[in-house]
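S.K.: In case you want the letters, here they are:
Number of protein chains: 2
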Amino acid sequence: MTHQEDLTAYIAAFVAELSKTGVKDVVISPGSRSTPMAMVMSEHPDLRIHVQVDERSASFFALGIAKATSKPVALLCTSGTAAANYYPAVIEASISRVPLIVLTADRPHELRDVGAPQAIDQIHLYGKNVKWFVEMAPPEKTEDMIRYARTVCARATATASSYPAGPVHLNFPFREPLIPIMGEGMFELVDRAGGYVDIQTGHLSLSDETFERIGQELISYRKGIIVCGQIDSSEFADEVIALADKLKFPIIADPLSQLRSGAHDGHYIIDAYDAFLRNEDAKESLKPEVIIRFGAMPVSKALTIFIKENRNARQFIVDSGAGWREPSMSASDMLYCDEAFFCKQVKSSVEPKNDSAYFDKWFAVNNLAKDQLSAVSIVEELSEGKLFHQLAEMLPEGATLFVGNSMPIRDLDSFFLFNNKKIKVMANRGANGIDGVVSTALGVASVSQPCYLVLGDLTFYHDLNGLLAAKLYNLDINILLINNNGGGIFSFLPQANEPKHFEKLFGTPLDLDFRHVVEMYKGKYDLIKDWSHFSTVFAENQIVEGLKVMEIQTIRDRNLTEHRDLWKSVSREITTKLKGDIQ
Amino acid sequence: MTHQEDLTAYIAAFVAELSKTGVKDVVISPGSRSTPMAMVMSEHPDLRIHVQVDERSASFFALGIAKATSKPVALLCTSGTAAANYYPAVIEASISRVPLIVLTADRPHELRDVGAPQAIDQIHLYGKNVKWFVEMAPPEKTEDMIRYARTVCARATATASSYPAGPVHLNFPFREPLIPIMGEGMFELVDRAGGYVDIQTGHLSLSDETFERIGQELISYRKGIIVCGQIDSSEFADEVIALADKLKFPIIADPLSQLRSGAHDGHYIIDAYDAFLRNEDAKESLKPEVIIRFGAMPVSKALTIFIKENRNARQFIVDSGAGWREPSMSASDMLYCDEAFFCKQVKSSVEPKNDSAYFDKWFAVNNLAKDQLSAVSIVEELSEGKLFHQLAEMLPEGATLFVGNSMPIRDLDSFFLFNNKKIKVMANRGANGIDGVVSTALGVASVSQPCYLVLGDLTFYHDLNGLLAAKLYNLDINILLINNNGGGIFSFLPQANEPKHFEKLFGTPLDLDFRHVVEMYKGKYDLIKDWSHFSTVFAENQIVEGLKVMEIQTIRDRNLTEHRDLWKSVSREITTKLKGDIQ
Chain F
145 MTHQEDLTAY
155 IAAFVAELSK
165 TGVKDVVISP
175 GSRSTPMAMV
185 MSEHPDLRIH
195 VQVDERSASF
205 FALGIAKATS
215 KPVALLCTSG
225 TAAANYYPAV
235 IEASISRVPL
245 IVLTADRPHE
255 LRDVGAPQAI
265 DQIHLYGKNV
275 KWFVEMAPPE
285 KTEDMIRYAR
295 TVCARATATA
305 SSYPAGPVHL
315 NFPFREPLIP
325 IMGEGMFELV
335 DRAGGYVDIQ
345 TGHLSLSDET
355 FERIGQELIS
365 YRKGIIVCGQ
375 IDSSEFADEV
385 IALADKLKFP
395 IIADPLSQLR
405 SGAHDGHYII
415 DAYDAFLRNE
425 DAKESLKPEV
435 IIRFGAMPVS
445 KALTIFIKEN
455 RNARQFIVDS
465 GAGWREPSMS
475 ASDMLYCDEA
485 FFCKQVKSSV
495 EPKNDSAYFD
505 KWFAVNNLAK
515 DQLSAVSIVE
525 ELSEGKLFHQ
535 LAEMLPEGAT
545 LFVGNSMPIR
555 DLDSFFLFNN
565 KKIKVMANRG
575 ANGIDGVVST
585 ALGVASVSQP
595 CYLVLGDLTF
605 YHDLNGLLAA
615 KLYNLDINIL
625 LINNNGGGIF
635 SFLPQANEPK
645 HFEKLFGTPL
655 DLDFRHVVEM
665 YKGKYDLIKD
675 WSHFSTVFAE
685 NQIVEGLKVM
695 EIQTIRDRNL
705 TEHRDLWKSV
715 SREITTKLKG
725 DIQ
Chain B
145 MTHQEDLTAY
155 IAAFVAELSK
165 TGVKDVVISP
175 GSRSTPMAMV
185 MSEHPDLRIH
195 VQVDERSASF
205 FALGIAKATS
215 KPVALLCTSG
225 TAAANYYPAV
235 IEASISRVPL
245 IVLTADRPHE
255 LRDVGAPQAI
265 DQIHLYGKNV
275 KWFVEMAPPE
285 KTEDMIRYAR
295 TVCARATATA
305 SSYPAGPVHL
315 NFPFREPLIP
325 IMGEGMFELV
335 DRAGGYVDIQ
345 TGHLSLSDET
355 FERIGQELIS
365 YRKGIIVCGQ
375 IDSSEFADEV
385 IALADKLKFP
395 IIADPLSQLR
405 SGAHDGHYII
415 DAYDAFLRNE
425 DAKESLKPEV
435 IIRFGAMPVS
445 KALTIFIKEN
455 RNARQFIVDS
465 GAGWREPSMS
475 ASDMLYCDEA
485 FFCKQVKSSV
495 EPKNDSAYFD
505 KWFAVNNLAK
515 DQLSAVSIVE
525 ELSEGKLFHQ
535 LAEMLPEGAT
545 LFVGNSMPIR
555 DLDSFFLFNN
565 KKIKVMANRG
575 ANGIDGVVST
585 ALGVASVSQP
595 CYLVLGDLTF
605 YHDLNGLLAA
615 KLYNLDINIL
625 LINNNGGGIF
635 SFLPQANEPK
645 HFEKLFGTPL
655 DLDFRHVVEM
665 YKGKYDLIKD
675 WSHFSTVFAE
685 NQIVEGLKVM
695 EIQTIRDRNL
705 TEHRDLWKSV
715 SREITTKLKG
725 DIQ
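So the protein sequences, as listed, match chains F and B.
Convert by adding 144 to the 1-based position in the first sequence; the result is the number in the numbering used here.
Convert by adding 144 to the 1-based position in the second sequence; the result is the number in the numbering used here.
So that you can see chain F by itself, here it is in the shape it has in the complex (with noise of 0.2 Å):
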C-alpha cells in the first residue's frame, strides 16, 4: 500500500460520503497542502466547485450560498494563516447559526510547532466559535480508517446542520507527496452506498401540557404584541400569522423575520414602529402586559428601548437553537422549541379572540406612521430613505435583497414596509460586521435570482475583493451602492457632537471613484444622477446579465437631518391624534 493510495481512497471516501449527506456546494481556495483533497473534490461528479482567492471572501461567500440554501456549505483552504482569514466568517455563521463545514490542510504532526513553512497551529484555530472540532487522523485506508473517515463527515454535516446550526472545523494533516491517484469508480462505496449513517438530528419541543398552559395565560391577557426578529424557517410565517389572529396581538415584524413581505396577510404586522416608539405617548398608550418573541434582537434600537422599558411584562421567549438571545435582561419564560411547532400548538389550544382595543391602538398609529413616513417619497434629492421606502415597489417578484450593516439595515428597518411580493430579505446580523457582505451577497445571488444588494461605501471597500467572483464565475446582482464618503452611522451618534477628531476617526472619507473597481471586475457602472435617472437604470439592469453597480452619492449631513425631521413629524402627529383620542 502506497502513501498515495492510502490518501487517495481516505479522501475519496470522505468526499463520496460528504456529497450523500446533501452537501452540494465547496468553496475552495488555492494552495499547495490542499491539494489531495481539492482535486478528489474536483473530480466529484456531483459537487459544485466555486475557486476564491482571498480566503475571507471565499468564507463569506460560503456563507451566502449556505445562508440562501439552508443547507451546509464546505470550505477548504491550504495550511497557515489562509485558515486564519476565515474567522470572522466563521465567528458570523456561529451567531447567525448558519451551518458551515470549514476543512484545513495541515502539515503532518511531524512537521508541526518547528518552524516548518507556512505551519501554524491549527488545532482550535477558531477556538469556541465551533461546534465541533476534529483533529482528523492521518489518512488510511485500513477498512477502520475508511469508516471513520465516513463517520467523521457524517457527522460534520449533522452537528453543522442541527439546531441551532454552524460551523464545524476538520483539520487534515497531510504528508507529501500531495498527490491523489484519481481513477473510474474511486467515489464507489463498497458498502453502505446510500451514505454510511442516517443521522436524524429532531427539533425541540414541549409538552403538551406545557403549551395548553401557555397558551391558557397567553389568552389571559388583554394588550399583547408577537416581536419577531431575524428567522429564516420557513413555515413561520404562517404559523405566527394564525397565533396572531387568534390572540388578536399585533406582530412588530423586524426586516428580516420574513413577515414584511409575502402573500400572507398583512393585517396584524406592525412595521413602522422603528418611526413611531421614539414617541412618548405612543409608548404610553401601547403598554404590553406581555411580549412574545421570536428570532434574533430586533434590529431597531427604539423598539429595544421599549422592550427594556416594559420589564414588567411578562416576556415569553421562544428559542428552536436554546441560546440566549435576550440583551434585555426583560425574559420571564425562555422556551427551547421550534419556532413554527410552538405557535401552532398554542393555537390550537386556544379559543380566538374577537377583537381587541390594544390591538387596535396599534394599528391605528402604525397607518399614522406609515402616512408620515411617506413623505420621504416626494423628497427630490437622492436620499436613503426614500430609497429604501419605493424598493419594495421597484423590486422584482422573487427577489432576494441583501443588506448591508451600519445604516442600510437601520434605513432598512425604518422605510422598508409591508408588501404583498415575495421578496427575501437578507442580512450578516450575527456580529453586524462590514466585512464580508458583497461576498455574502455574492454567495446568495449564485443561487437565489434576482438578486439585489444594498449597502454603503465602507462597507463595499471592505469587501472589493469579493467582487472577484462575480467576474469569474459570471454572477447576476444589482448592488446599490450607497455613497455617503464615509462612515454614515456616526453622525447618528453622541461623537459627532466632538468635532475635533471626528472626520479622522469616524466620517473617514474615502474619496474613492468606485467606477475603476469595478471596472476592473468588468462590471456595468452607473453614477445615479436622480431619482428618474434611477428609475430607468434600475429598470434597464434587469435585463443586463453580470455585475451591475448604481451609486447612489448622499451627504451624511442631509441625511441625518431628513431622519431627524420625519422622525419629528411622526412623533408630532401621533402625539396630535393620542391627545386627540383622549380628549
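Derived by calculation from the structure, the hints in this document are not laboratory data.
Every residue gets a Cβ at the ideal spot worked out from N, C-alpha and C, and that includes glycine.
Incorrect hints may have been included.
Below 20 Å or equal to it, Euclidean Cα-Cα: the simulated EDC-like pairs (lysine to aspartate or glutamate) are [as the list claims (entries may be wrong)]: (1) F/K488 <-> F/D352; (2) B/K666 <-> F/D655; (3) B/K668 <-> F/D657.
These stretches of chain F come out as covered by chain B in the derived footprint (C-beta under 8 Å, 3 or more residues) [said to hold, decoys possible]: (4) 464-470; (5) 634-646.
Could you slot chain B onto chain F? The hints should help.
M.R.: Frame of chain F, contents of chain B only:
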C-alpha cells in the same frame, strides 16, 4: 464620580503610559465601541495615529511598522468580527516574533453572550497565538485601578518586546456613554511621571564554560558551515562574520539574514547555494561535519534537503527566542542564547584558523554558480530571474526591499546576490502567507524610505485594500508587480503534471487589469514593455512621490523553463569542474 470621569481617567492613564513605554504608532479602525480609546489616543501629543477601515489591512500595516522599527505598535478596533480580522497578522507576528499590542473594545459583561449587537466572544480570541491576554477590568478612577491600568500597559509593552517578541492582546469592556471628557492635563501623571514601572527584560546567555567548550569543539572540525536564516538583530552581521573569519567557515546566507547586502566583507558569504545545492557532486563534495544555524529556517528547499541529508553532522542551533525552529529533525545541540552575543563569546574563546581547503571549495563552487547565474542578465524577455538579479544594482543606497511570498522570495533567494550596498530585505516569513503583504510593506514604507515591494499578482490582489493607506497618507512606495496571471509557484510542484484541474484549482488566472485599481487609489501605473522601458520607469519613479506600480507581465511556463535551464547549466559546470579537480 460619573461614569465618563471614570472612563476618561482610566483610559488616559493607560494611553499616557503607552506613550511612556515607547510606543509611537497606533493603527485604529473606525468603530463605535472603541470610541473612548480612539478619542483619547488622538488627543495624545506624542502618538502617531493611522486610521484604516479594513482591520485585516490595518493589522498588517501595524506589523510592517513594528518590523521596520523593532518597536511595538498598538492596534485598536471595535467589538465584533473587526477583531477577528486581525487574526492572520496576529499569527504572523507570533511566528515571526514581531511585537504588537492588540487592543480590542468589547461590550461590557452584561451584554455578552446574550445576542446583543456586534458582540462576539473576545476572551482569548487569538488563542495561543498571543504571548499574553488580559480581560481588562471595567474603567474606574480609583487610585488602585489607575495603577492597574498603568501597570498592565507597561507589562503589555514589555511582554510584546521581550525575546521572542510577539503580539499581546488586551480586551477592554466599555459601557455607554462612550464619550470621554477631554481636557488640558488629562495625560499628566500624578506620580512617577516618567513611567510607572521600568521593566528590563534581559537576553539569554550561556555560561563562560559553555562558550569555552563550544568554541573548542567548533575549532576541532575541519569542515564546518554557518547557516543564517531570517534574523533582524542589527549587531549580528558583524559578529557572525568575525566568527566565520576565525573558524574559516563559510556563511550560507539566506536573503533575509541581512548578510547579502552591507558594508561588511562579503568574502565568507555564500549566496548562490540555492542553485548549486541541487547538484549531487557539489553536495557530495561539500558535506559538512558541523553546522551552526542562526535565525529562522532558510527559504531554500535545496538547502533544507542538504541539511537533512547531513544529519550525521553535528548541528548547533542558536536561538535567542528559545523556540524550536528546526523542521529538519537534525539538531544535536540547541543553544538558547542571544545570537550576536554567542558569536562574540565563542569567537574570543578560540584561536584563529589560517586557512581551510573546505572553505575554498565552497568559495569556488559558489563563484562558478554565480557566473552561470549571471547568464540571466542577457535574457531579452521580461523574466523574474533577471529582475531579481539586477535589483541589487538598481536599488538606491539605503533602500528597503520587501518581497512577497510564494515565487518572489524564492527568486530573490536564487538571484539576489551579495552586494556592498545598505539594503534591508524583508518579507512575512512567519507563516509565509500571501495575505497582507501590501499593507505590511506600506507600514514599512511609512517609517523607512525608499521602499520597494516586489510581489506576484495573487498576492497583490489578496491585499488590494491595503493600497488605501498609500492614498490616505501619501505614502511613497515602488511596487514591482510580477503578473504571471495566476499562481506561478504551482508550475514548480507535482500537481503541474495533472492537467485536468490544474488551471482551475492552481493556475487560477485572474485576468485583471490592475491599472484600474491603481488609478482608483491615485497611484502612478506603468505597464513595463521591455527592459529598457523598465530602467527608464524605475529611474523616473525615484523622483515621483506616492504610490507607483510597475507591472511586469511574465509567462508562467517560460519562467519554469528558464529556471530549470539555469539550474541545469549550473549543475553541468559544477560537475565538470569538480570531476576536473578530482582527476
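S.K.: It remains to establish, for every hint, whether it holds in the given structure.
M.R.: To see whether the hints hold, each was checked on the structure:
{"no.": "1", "hint": "F/K488 <-> F/D352", "result": "holds, 12 Å"}
{"no.": "2", "hint": "B/K666 <-> F/D655", "result": "holds, 10 Å"}
{"no.": "3", "hint": "B/K668 <-> F/D657", "result": "holds, 16 Å"}
{"no.": "4", "hint": "464-470", "result": "holds (count 4)"}
{"no.": "5", "hint": "634-646", "result": "holds (count 8)"}
Checked against the numbered hints listed earlier, the structure breaks none of them; every hint is satisfied.
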